[in-house]
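4 protein chains.
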Amino acid sequence: MSRVRSAEKRSAILEAAVDEIAEAGLGAATAKIARRAGIATGTLFTYFATKEELLNELYLELKGEAYARMNAGFPQKGSLEERARHVWMSYLEWAIEAPRKRKVSVQLNVSDVITPETRVRAAAGRSFFDATFAELGELDAVRALPQGFAAALMGAIQEATMEFIAKNPKERERLKEEGFRVFWRALQ
Amino acid sequence: MSRVRSAEKRSAILEAAVDEIAEAGLGAATAKIARRAGIATGTLFTYFATKEELLNELYLELKGEAYARMNAGFPQKGSLEERARHVWMSYLEWAIEAPRKRKVSVQLNVSDVITPETRVRAAAGRSFFDATFAELGELDAVRALPQGFAAALMGAIQEATMEFIAKNPKERERLKEEGFRVFWRALQ
Amino acid sequence: MSRVRSAEKRSAILEAAVDEIAEAGLGAATAKIARRAGIATGTLFTYFATKEELLNELYLELKGEAYARMNAGFPQKGSLEERARHVWMSYLEWAIEAPRKRKVSVQLNVSDVITPETRVRAAAGRSFFDATFAELGELDAVRALPQGFAAALMGAIQEATMEFIAKNPKERERLKEEGFRVFWRALQ
Amino acid sequence: MSRVRSAEKRSAILEAAVDEIAEAGLGAATAKIARRAGIATGTLFTYFATKEELLNELYLELKGEAYARMNAGFPQKGSLEERARHVWMSYLEWAIEAPRKRKVSVQLNVSDVITPETRVRAAAGRSFFDATFAELGELDAVRALPQGFAAALMGAIQEATMEFIAKNPKERERLKEEGFRVFWRALQ
DNA sequence: GATGAATGAGGTTTCATTCAT
DNA sequence: TATGAATGAAACCTCATTCAT
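Protein chains in written order, with this note's numbering: chain Z, 1 to 188; chain X, 1 to 188; chain H, 1 to 188; chain C, 1 to 188.
These aren't lab readings, by the way, just hints derived from the structure by calculation.
Check before you lean on any hint, since a few could be wrong.
All copies of an identical chain are treated as equivalent in the list; a pair is satisfied when it fits inside any one copy or across any two copies.
Stated by the list, open to error - Calculated cross-link-like contacts (lysine to any residue; reagent style SDA-like; alpha-carbon spacing at most 20 Å):
| hint | residue 1 | residue 2 |
| --- | --- | --- |
| 1 | Lys103 | Ala152 |
| 2 | Lys103 | Ala7 |
| 3 | Lys103 | Gly78 |
| 4 | Lys170 | Phe133 |
| 5 | Lys167 | Gly137 |
| 6 | Lys167 | Glu117 |
| 7 | Lys51 | Ala40 |
| 8 | Lys170 | Trp94 |
| 9 | Lys51 | Met89 |
| 10 | Lys51 | Glu23 |
| 11 | Lys9 | Tyr47 |
| 12 | Lys176 | Gly155 |
| 13 | Lys32 | Ala144 |
| 14 | Lys103 | Val113 |
These numbers were taken from a predicted model, which means no experiment stands behind them.
All chains, please: the whole structure from these sequences, using the hints.
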């Protein structure tokens with residue numbers, strides 16, 4: 001039997017990619033990523049056929065990780081506000097814990113390497129709380145706006161909130177809460 | 001006297017940079033930018049010593065252009081809502097008119113090439129309507145949040161709004177207005 | 001296992017560098033050196049990280065080669081004159097055989113690319129006959145001069161001798177001998 | 001009447017070239033030389049048609065300056081040793097006073113930019129004390145060696161001496177004297 | 001599968017020289 | 001003459017990807 005592609009190595013590459021891209025931008029060299037992952041340059045390409053594929057997979061991974069966090073402990077039966085608050089808080093916690101991951105996720109999102117198909121696949125991870133966003137979209141405040149606006153709005157306000165948490169880490173808890181309240185008020 | 005450094009050429013380079021970066025990302029080749037600007041490769045470097053400098057100047061230029069738009073026709077004596085609405089609308093109009101510029105502006109903003117000093121210089125262009133944001137920051141909804149949150153919030157919601165305008169260009173006017181109303185409500 | 005860095009290729013690069021530099025000076029293009037060595041442009045940089053490193057290694061190589069010649073057949077137990085004569089003759093023979101190498105060695109020596117550290121490392125190769133120079137330094141003629149003067153003196157007179165051998169190759173043997181006698185007399 | 005090429009500017013260029021080459025090697029940029037000379041890039045080329053010409057003229061200038069020093073106060077009627085000593089001392093003094101000029105002179109000499117014709121023209125400046133070298137060449141010690149050997153020998157030993165003076169500036173006078181004695185003994 | 005040397009196109013920047021002013 | 005912007009070939013070096021081992 002031949003050796004098998006190891007999941008550990010795959011993860012090591014993705015983690016190394018996060019670090020390297022956080023430091024050097026999307027232009028980060030595959031060779032450096034490989035070295036950081038503790039593997040040979042060539043090995044990287046047995047896990048990801050091209051750099052573009054690596055980047056797309058990374059995007060999926062990061063989105064997936066964030067979504068997993070939001071899905072965990074999701075109060076399926078809570079009130080709309082409770083569910084919205086859960087999503088808000090759990091994403092922010094992930095972003096605070098892994099700022100480089102969030103940074104890279106943003107860079108990937110803004111770039112053109114991520115294919116529409118990848119974006120679609122990434123969105124699939126939201127299944128759990130998508131219903132919540134659908135409900136939010138029904139609120140008077142945004143009913144006249146396209147589907148998805150509520151989600152985008154949350155993302156946007158979180159982005160702004162993150163920025164300030166990064167600057168005042170000690171006020172983290174308060175900022176998380178206040179941020180949510182601003183978001184919530186926007187929807188009333 | 002020798003030939004004089006022409007403002008037209010400088011502008012041509014910056015415009016070419018916008019187009020090229022919009023298509024190829026921040027990795028866009030200086031040689032291609034030069035060709036698109038109709039000058040020789042070397043000439044670019046008599047206007048901008050390094051690519052990094054070009055990128056920083058471009059950021060300044062784009063921010064400046066957007067701010068100029070917001071400053072133009074600013075209703076100095078209008079109500080707070082009128083002034084906020086002006087800022088909201090004029091930025092969105094600029095972003096809609098020049099989507100590539102906005103896109104590049106976002107990419108630059110997210111990247112690490114823009115120095116803190118450039119960011120400070122860019123912020124200087126906001127003088128006119130900064131007072132408005134200061135006033136917004138005094139509203140109950142965001143009083144507990146750090147200075148600058150209102151501005152960041154507007155940027156964030158605009159970002160979300162832009163995304164949807166890009167997808168539904170025909171609804172532009174309505175989306176602009178609805179977006180503002182969401183923003184405004186968040187502050188009440 | 002991957003392909004292994006080949007000593008032959010390394011040598012080929014160094015030899016090509018000698019030829020290219022002899023023809024074009026220290027400004028010789030790395031691309032041309034690579035082509036002459038029969039490898040791709042990029043390959044050169046897997047053997048030498050930068051051109052500067054290549055130049056320093058080349059210096060080491062050339063000095064090493066010359067010193068190896070002088071060490072070979074060194075009459076450890078011969079009289080001072082015999083030992084000095086051996087050093088004198090063997091260096092000149094090397095320089096005559098490989099005039100381009102000597103030329104490049106001189107250019108490198110005069111330039112600022114060779115780091116002090118490289119110079120120190122190069123000097124290490126003289127171990128064998130250093131004792132001889134130390135003894136020469138004790139002779140009355142140069143005792144009042146700094147340590148190392150005798151060695152520098154030999155180098156200088158050899159330089160002058162070389163020049164004339166290059167012009168009158170047929171008189172090589174006589175000039176080698178006469179040159180040594182002038183050197184030797186200077187020390188008496 | 002049109003403006004005339006100014007001798008001052010020419011000198012300024014040559015001096016700037018010395019400084020720039022001493023710092024950056026023969027690859028020094030003409031534009032930097034021009035800036036250092038306080039003139040425009042283009043102006044340099046009205047004084048020297050090409051960089052190569054500039055370099056050749058510089059060589060001539062430096063050799064000329066050194067020779068002028070040796071010619072000054074030349075003891076036409078002194079003994080052979082007195083005359084030789086004068087040449088020895090005055091060159092060393094020049095080299096000590098203007099180490100960068102000497103350094104550049106050496107670099108030029110070793111390179112291939114200096115044409116044979118320039119070398120011939122440079123040699124012309126030695127007229128005054130050439131007779132002395134001719135006489136030195138008649139001494140038994142070097143009679144069997146080609147014409148010019150005595151001069152080359154002096155140059156070579158001076159080179160060695162210079163090196164040590166550079167390292168021990170305080171012993172300058174003693175080293176100058178001792179160096180000469182070594183040279184003189186070599187000829188006896 | 002794993003390795004890392006090899007490849008060569010392409011990236012940024014420099015530079016001697018020209019030429020409009 | 002003087003100026004310095006303009007030129008574009010070339011320089012050094014990087015990098016995604018391939019492939020011999």
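Results for each hint:
{"no.": "1", "hint": "Lys103 to Ala152", "in the structure": "both (17 Å within a copy, 17 Å between copies)"}
{"no.": "2", "hint": "Lys103 to Ala7", "in the structure": "neither (24 Å within a copy, 36 Å between copies)"}
{"no.": "3", "hint": "Lys103 to Gly78", "in the structure": "neither (31 Å within a copy, 39 Å between copies)"}
{"no.": "4", "hint": "Lys170 to Phe133", "in the structure": "neither (30 Å within a copy, 24 Å between copies)"}
{"no.": "5", "hint": "Lys167 to Gly137", "in the structure": "between (31 Å within a copy, 17 Å between copies)"}
{"no.": "6", "hint": "Lys167 to Glu117", "in the structure": "between (35 Å within a copy, 17 Å between copies)"}
{"no.": "7", "hint": "Lys51 to Ala40", "in the structure": "within (15 Å within a copy, 23 Å between copies)"}
{"no.": "8", "hint": "Lys170 to Trp94", "in the structure": "within (16 Å within a copy, 37 Å between copies)"}
{"no.": "9", "hint": "Lys51 to Met89", "in the structure": "neither (33 Å within a copy, 40 Å between copies)"}
{"no.": "10", "hint": "Lys51 to Glu23", "in the structure": "both (17 Å within a copy, 18 Å between copies)"}
{"no.": "11", "hint": "Lys9 to Tyr47", "in the structure": "within (8 Å within a copy, 28 Å between copies)"}
{"no.": "12", "hint": "Lys176 to Gly155", "in the structure": "both (13 Å within a copy, 18 Å between copies)"}
{"no.": "13", "hint": "Lys32 to Ala144", "in the structure": "neither (48 Å within a copy, 44 Å between copies)"}
{"no.": "14", "hint": "Lys103 to Val113", "in the structure": "both (16 Å within a copy, 14 Å between copies)"}
The structure fails to meet hints 2, 3, 4, 9 and 13 from the earlier list, while all remaining hints are met.
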